[in-house]
Amino acid sequence: MYALTRVEVAERMTSVEFLRYAPEDKKAELIDGVLIVHSPASDIHERLLLFLLRLLAEFVERRNLGQVRGSRTPVVLAEEQAFEPDILFVSRERLDILQQKGVLGAPDFVVEILSASTAAYDRGPKFRAYERAGVKELWLIDPYGPAGTEFYQQQGERLVAVMPDQDGVLKSVAVPGFHIRVNWLWRAERFIPVRAALREMGVD
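If you're matching positions, the sequence shown starts at 0 in numbering that gives the first Met the number 0 and goes up one per residue.
Derived from the structure by calculation, the hints contain no laboratory data. Don't take every hint at face value.
Subject to a maximum C-alpha distance of 35 Å in a straight line, what follows is the list of computed DSBU-like cross-link-like pairs (lysine-lysine) [stated by the list, open to error]:
hint : residue 1 : residue 2
1    : K100      : K135
2    : K25       : K100
3    : K170      : K26
4    : K100      : K26
5    : K170      : K25
6    : K135      : K170
7    : K170      : K100
8    : K135      : K25
9    : K135      : K26
Cβ pair distances, simulated, as ranges [claimed, not checked]:
hint : residue 1 : residue 2 : range
10   : E23       : D164      : 41 to 51 Å
11   : I43       : R71       : 17 to 27 Å
12   : P22       : D164      : 37 to 47 Å
13   : D164      : L197      : 30 to 40 Å
Idealized CB from N, CA, C, for every residue including glycine.
All chains should be modelled from the sequences, with the hints used to inform the complete structure.
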């Protein structure tokens with residue numbers, strides 16, 4: 000698990016100030032105008048992050064669908080909201096929002112890997128900001144099991160909770176052709192090889 004240090008600032012910080020002053024050596028986010036600095040992630044968090052990042056990035060590259068970024072890419076959604084999601088995807092048609100300093104606008108797809116200390120932010124103000132900004136798909140993954148995991152997909156202007164099908168397969172609406180077997184997410188000892196997962200998705 001990783002904890003949070005909440006850093007109060009003398010005045011409310013804007014996203015412009017966040018991009019200028021946020022620490023480069025630590026993961027940090029601007030939530031409702033307040034700078035939140037994260038302590039290092041746990042091993043289970045990092046192994047799940049690496050598996051999903053490799054899987055999604057390889058799939059997207061082979062299908063030429065857009066760009067994938069990891070957890071140190073800032074995403075500016077509003078004047079007082081700038082996050083660093085664990086994984087994000089921007090479709091090929093919207094690559095103009097990828098700028099030198101970060102993503103200026105809503106990614107198509109976001110993955111947040113939860114911990115006890117971050118879940119309230121991820122399910123609360125960050126969720127609402129992603130929804131308002133127009134993120135098409137949001138996965139909130141509990142690395143310790145399915146009980147705390149939620150998958151959301153855009154329906155109209157809302158992010159609505161969805162479930163895997165009867166075979167345990169979840170199909171993405173934001174990344175064409177991408178899907179996972181949700182039990183892949185909780186193989187803490189040894190994740191399915193990325194090559195085998197891609198093969199199951201029809202990517203050789």
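Hints and how they fare:
no. : hint                       : verdict
1   : K100 with K135             : holds (22 Å)
2   : K25 with K100              : holds (16 Å)
3   : K170 with K26              : holds (29 Å)
4   : K100 with K26              : holds (15 Å)
5   : K170 with K25              : holds (33 Å)
6   : K135 with K170             : holds (13 Å)
7   : K170 with K100             : holds (31 Å)
8   : K135 with K25              : holds (28 Å)
9   : K135 with K26              : holds (24 Å)
10  : E23 with D164: 41 to 51 Å  : holds (42 Å)
11  : I43 with R71: 17 to 27 Å   : holds (19 Å)
12  : P22 with D164: 37 to 47 Å  : holds (42 Å)
13  : D164 with L197: 30 to 40 Å : violated (20 Å)
Checked against the numbered hints listed earlier, the structure breaks hint 13 alone; every other hint is satisfied.
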